[in-house]
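Protein chains in written order, with this note's numbering: chain A, 1 to 351; chain B, 1 to 351.
Worth flagging that the hints you see were computed from the coordinates, not collected in a lab. Among these hints, one or two may not hold up.
No distinction is drawn between identical chains; accordingly, a pair holds when it is met within one copy or between any pair of copies.
[Unchecked claim] Below, a list of computed lysine to aspartate or glutamate pairs in the EDC-like style, where the Cα atoms sit at most 16 Å apart:
#: 1; residue 1: Lys346; residue 2: Asp280
#: 2; residue 1: Lys264; residue 2: Glu291
#: 3; residue 1: Lys48; residue 2: Glu86
#: 4; residue 1: Lys108; residue 2: Asp280
#: 5; residue 1: Lys90; residue 2: Asp39
#: 6; residue 1: Lys123; residue 2: Glu80
#: 7; residue 1: Lys131; residue 2: Asp303
#: 8; residue 1: Lys246; residue 2: Glu342
Values in this document were obtained by computation on a predicted structure and should not be read as measured data.
There are 2 protein chains.
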Amino acid sequence: MNDTIIDSSLRTVEWKNNKVVMVDQTKLPTELVFVEYDDFNQVANAIKTLVVRGAPAIGVSGAFGLALAVLQSHATIKDELLSDLENARKILFATRPTAINLGWGLEKIMNVAKSGDTVEQIKELVISEAKKMAEEDIEINKAMGKNGSVLFDDNDTIMTHCNAGALATVAYGTALGVIRATRESGKNVKVIATETRPIQQGSRLTVFELKHDGFDVSLIPDTAVGYSMANGLVNKVVVGADRIVKTGHVFNKIGTYQVATMAKQHGIPFYVAAPLSTIDLETKAEDVIIEMRKGSEVTGIGDKKTAPDDTNVINPAFDMTPPELVSGIITEKGVAKAPYGESIPKLFQAN
Amino acid sequence: MNDTIIDSSLRTVEWKNNKVVMVDQTKLPTELVFVEYDDFNQVANAIKTLVVRGAPAIGVSGAFGLALAVLQSHATIKDELLSDLENARKILFATRPTAINLGWGLEKIMNVAKSGDTVEQIKELVISEAKKMAEEDIEINKAMGKNGSVLFDDNDTIMTHCNAGALATVAYGTALGVIRATRESGKNVKVIATETRPIQQGSRLTVFELKHDGFDVSLIPDTAVGYSMANGLVNKVVVGADRIVKTGHVFNKIGTYQVATMAKQHGIPFYVAAPLSTIDLETKAEDVIIEMRKGSEVTGIGDKKTAPDDTNVINPAFDMTPPELVSGIITEKGVAKAPYGESIPKLFQAN
Chain A
1 MNDTIIDSSL RTVEWKNNKV VMVDQTKLPT ELVFVEYDDF NQVANAIKTL VVRGAPAIGV
61 SGAFGLALAV LQSHATIKDE LLSDLENARK ILFATRPTAI NLGWGLEKIM NVAKSGDTVE
121 QIKELVISEA KKMAEEDIEI NKAMGKNGSV LFDDNDTIMT HCNAGALATV AYGTALGVIR
181 ATRESGKNVK VIATETRPIQ QGSRLTVFEL KHDGFDVSLI PDTAVGYSMA NGLVNKVVVG
241 ADRIVKTGHV FNKIGTYQVA TMAKQHGIPF YVAAPLSTID LETKAEDVII EMRKGSEVTG
301 IGDKKTAPDD TNVINPAFDM TPPELVSGII TEKGVAKAPY GESIPKLFQA N
Chain B
1 MNDTIIDSSL RTVEWKNNKV VMVDQTKLPT ELVFVEYDDF NQVANAIKTL VVRGAPAIGV
61 SGAFGLALAV LQSHATIKDE LLSDLENARK ILFATRPTAI NLGWGLEKIM NVAKSGDTVE
121 QIKELVISEA KKMAEEDIEI NKAMGKNGSV LFDDNDTIMT HCNAGALATV AYGTALGVIR
181 ATRESGKNVK VIATETRPIQ QGSRLTVFEL KHDGFDVSLI PDTAVGYSMA NGLVNKVVVG
241 ADRIVKTGHV FNKIGTYQVA TMAKQHGIPF YVAAPLSTID LETKAEDVII EMRKGSEVTG
301 IGDKKTAPDD TNVINPAFDM TPPELVSGII TEKGVAKAPY GESIPKLFQA N
């Protein structure tokens, strides 16, 4: 892994000297490269090309994108600035329409912007709100971790899919935050990480950050989920989410649905860890759009081609896990259990 | 795909001028390369490194390996020759202990060898028996295809996992033989092929041979099996097998178990196509050894590394699908249905 290091205080996304600094996650696990952006279009492109990914990290990245947009704007009156911001919002939002946090982060900034009176005031408000959102993300993850840690036992082996870790958030992580908090509570835990094709966020990111933090982590191909469970290698599962609707349907990285199904088949608890900002109380499960990604992610890895030319590919970014497969949804406000139609709204009332 | 061509009469494994000629499947789909061996140790290595794979192809390769061994032997009396052969058998068998066909192919040749009187007679018997096994494999696949084709309907989209095609056999294929026969019977079928990590036998081999034969085939990552079924994209599943025991437990490429579980969840018929030589009437399911393969298959693809150095990996070659998930076992002697404890032995009685 060369001699790159990942500081334990590593920030996935950060606002520094009026620029956005991100870990370029497409370079992991072989290189730890930070990229610096001063144009919101660069941020949009970074979201699109998965330089940054993970619902919470995307939400904050979108907010920082708008913070760049206020600095880039030559507007001299409020309406012009709001119009420039709206233009940036549209471009940023179009990058990952399924991720609820992106819309949420952009919306929050737009509302703050509208509350300002002068151009200068709006610029200050937008930047300080975006920075606050980043800080809050870390606090939320730590609270979520604490709430989730009681669900796990000493000597559990926990399976996770994709990366819902520090690298999916501003820091600490959601699903991996729960695993970190479980260890911090004094329990010994091991982790099994799925590779998570097509772009290996499990092997590249989850294994990377857990090894760095000294966890006992084993990697499996996505095909070995059933084997691992059938052979008694897994006690519990925890994953993140890109969007949860109020009926408890969970939209997460492609493959989550089959991990959840296999867990149910083997009587293994399947938990989802996500902040309230991931929960969409408005949209119905059947109305959620699942992005289709480019086929080349599946026909090869990097420059290595693994399928014939002109192969038809079905490459959905997400799938939907129905609530009957979900043992609990871990949030910063507590753990919701079935029936989710009742327990999810209660989390918001407690807010 | 350069301008390589795959002749429709392509043989995966062939005996030619006292040599074994094989398609080097590790080079597909970008290059169609034939390799020629005159030493059984090369054949053993080819089986081990997946130059040749697929239960029936391995069975015939093992037999051809012994045919090379008789030619290599300097023995002048029968006992010496049998001793040389036994040595070669052990080396060939150790390459893939889970694949029942390998043991079967080697055993058949050893019995033929023992029946000979003179060294010259044994050499002739062994070579002609190995060649006969190759011819029989093709006939068996065509019979299996015909038996299976009645289970599929016009306009079905059929999912398959790994490669149980021409490239897994001497020619025509088992699971893909059934798909070929279904089309030959006048029905229009489409295919969804899983990538089949860790070594992409789906994208590299199945997509390659089906595209060559003009099928409408789409590739999915292994993570998208659940999505494809939940979204109504799949009508039936057919896979091959490395070993089937008489209780109907199916040992096949890692990931088969979860494809079968998802199929059951969605009420999609899940068929297994395999010759009788794949059925092991002696061994109990719990006694079948599942090979663990090297971790580097999962930590990267080719030279492309996708996980940190020194990552622990769990990389089983096969998994076990229990009989309650299997809608039928398609063989050259007919289709067995549950209860398999009764239907499987009947196939052998019909023999």
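Could you work out which of the previously given hints the structure breaks and list their numbers from low to high?
2, 3 and 7
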